[in-house]
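Number of protein chains: 6
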Amino acid sequence: MPLVDIHLIKGVFSDQQKRQMIEKVTDSLVSIEGEALRGVTWVRILEVASGDWGIGGRPMTAEAVRHLQQGTG
Amino acid sequence: MPLVDIHLIKGVFSDQQKRQMIEKVTDSLVSIEGEALRGVTWVRILEVASGDWGIGGRPMTAEAVRHLQQGTG
Amino acid sequence: MPLVDIHLIKGVFSDQQKRQMIEKVTDSLVSIEGEALRGVTWVRILEVASGDWGIGGRPMTAEAVRHLQQGTG
Amino acid sequence: MPLVDIHLIKGVFSDQQKRQMIEKVTDSLVSIEGEALRGVTWVRILEVASGDWGIGGRPMTAEAVRHLQQGTG
Amino acid sequence: MPLVDIHLIKGVFSDQQKRQMIEKVTDSLVSIEGEALRGVTWVRILEVASGDWGIGGRPMTAEAVRHLQQGTG
Amino acid sequence: MPLVDIHLIKGVFSDQQKRQMIEKVTDSLVSIEGEALRGVTWVRILEVASGDWGIGGRPMTAEAVRHLQQGTG
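Residue numbers (my numbering), protein chains in the order written: chain X, 1 to 73; chain E, 1 to 73; chain W, 1 to 73; chain B, 1 to 73; chain Z, 1 to 73; chain S, 1 to 73.
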């Protein structure tokens, strides 16, 4: 405790970015909860296949998210 | 909000059926919550490996589900 | 299988609306998967406390969602 | 996308700390994914009743976590 | 790792039964994974409100589950 | 009901061990809830990619878990 699940669409983020997410989110929580809980702070990355995540009924692909990131979505 | 997770066994439904599920489930919710919430209605498909879903202790495979669908299960 | 989880903010929808969601979402799935799977189609409503659901870092309250529904958000 | 679920034991953190978690975790993700995705970055707090979270088979209570935080656990 | 989530309908099981579930499920896993992983074996009880869990489109109440348990369902 | 989700790191356990988990965890629950609920007791195995599960901010790999199992971690 705490347990954090970060849900992403597969193919959007690199392995390095996912490692950064685990580190930064852990540090954010530890800054609030205190260092003593670091060892029981679990952060997981869970990836959903591209196209299996719908927003307003339309499937979101990894490509669509990258366009959105670049302001071309 | 709302967020909907549809959990399936991998290999039972086609990509087209999964797209239909996202569309129909979104429309069902929007018909209750109102059109204004469509943009924040997220529907995801999450698939579990065939054999990793047990019912009453016995692993359910994609093949077993298809037999059940056809009334031969 | 399938299992569907509908995540809502507490206080936005009435019990009657939640019942409708369970019925309509079940019917949507059964229309795709076939009647034979109705008995193993589970649909659950999971509610999160108002204020515990952040969008872009800002907590979303039940009141804010209702404003959004009415086009005054 | 992304969607983040922060699972806590009820009674350990104040409302203010939970708001800070939503803000800080959102900011951590946005610093990696880019500002353009802030609006579709959802962070939720999900709380489990004290005693309903077992570690190694022993129920963890809110009180036990607070002792751990203070180094008296 | 492992993390186990046991989802129940509120009002069906007593606190004592929920404690037993945490203990027994932990012991089952440890018997397979080895004693060395006991400390990182987390088992949680997550309860859904009575009526918010639909089977085949019909809401399941705590009362209905108890009838089922007694063979009168 | 009940529904049990067992979250593992991919590559740590064999298919046979995962089948044993489904069986043993189902039997543990049935021993508490009663035989009448066996048919509606669902147990699922959900696997996370090696490296996508962080403890204290450091990614846990399947290899690291096996070292831990053997007391060499």
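One thing to keep in mind: the hints can contain errors.
[To be verified] Here are the in silico distance ranges between beta carbons for each label pair:
#1 Gln16(E) with Arg58(W): 18 to 28 Å
#2 Thr72(B) with Gly39(E): 31 to 41 Å
#3 Ser14(S) with Gly34(E): 29 to 39 Å
#4 Gly39(Z) with Gln70(B): 31 to 41 Å
[Claimed, not checked] No more than 30 Å apart at the CA atoms, straight line, and that leaves these computed lysine-lysine pairs for DSSO-like:
#5 Lys10(Z) with Lys24(Z)
#6 Lys10(X) with Lys10(E)
#7 Lys24(X) with Lys10(S)
#8 Lys10(W) with Lys10(B)
#9 Lys10(Z) with Lys24(S)
#10 Lys10(S) with Lys10(X)
#11 Lys24(Z) with Lys24(B)
#12 Lys10(W) with Lys24(B)
#13 Lys24(X) with Lys10(X)
#14 Lys10(X) with Lys24(B)
#15 Lys10(B) with Lys24(X)
#16 Lys10(B) with Lys24(Z)
#17 Lys24(X) with Lys24(B)
#18 Lys10(Z) with Lys10(W)
#19 Lys10(E) with Lys24(S)
I should point out that these hints are in silico values taken from the structure, not numbers from a laboratory. We put the beta carbon where it would ideally sit given N, CA and C, even for glycine.
Quick rundown of the hints versus the structure:
{"no.": "1", "hint": "Gln16(E) with Arg58(W): 18 to 28 Å", "in the structure": "violated (37 Å)"}
{"no.": "2", "hint": "Thr72(B) with Gly39(E): 31 to 41 Å", "in the structure": "violated (48 Å)"}
{"no.": "3", "hint": "Ser14(S) with Gly34(E): 29 to 39 Å", "in the structure": "violated (49 Å)"}
{"no.": "4", "hint": "Gly39(Z) with Gln70(B): 31 to 41 Å", "in the structure": "violated (21 Å)"}
{"no.": "5", "hint": "Lys10(Z) with Lys24(Z)", "in the structure": "holds (20 Å)"}
{"no.": "6", "hint": "Lys10(X) with Lys10(E)", "in the structure": "holds (16 Å)"}
{"no.": "7", "hint": "Lys24(X) with Lys10(S)", "in the structure": "holds (24 Å)"}
{"no.": "8", "hint": "Lys10(W) with Lys10(B)", "in the structure": "holds (16 Å)"}
{"no.": "9", "hint": "Lys10(Z) with Lys24(S)", "in the structure": "holds (24 Å)"}
{"no.": "10", "hint": "Lys10(S) with Lys10(X)", "in the structure": "holds (16 Å)"}
{"no.": "11", "hint": "Lys24(Z) with Lys24(B)", "in the structure": "violated (37 Å)"}
{"no.": "12", "hint": "Lys10(W) with Lys24(B)", "in the structure": "holds (24 Å)"}
{"no.": "13", "hint": "Lys24(X) with Lys10(X)", "in the structure": "holds (20 Å)"}
{"no.": "14", "hint": "Lys10(X) with Lys24(B)", "in the structure": "holds (24 Å)"}
{"no.": "15", "hint": "Lys10(B) with Lys24(X)", "in the structure": "holds (24 Å)"}
{"no.": "16", "hint": "Lys10(B) with Lys24(Z)", "in the structure": "holds (24 Å)"}
{"no.": "17", "hint": "Lys24(X) with Lys24(B)", "in the structure": "holds (9 Å)"}
{"no.": "18", "hint": "Lys10(Z) with Lys10(W)", "in the structure": "holds (16 Å)"}
{"no.": "19", "hint": "Lys10(E) with Lys24(S)", "in the structure": "holds (24 Å)"}
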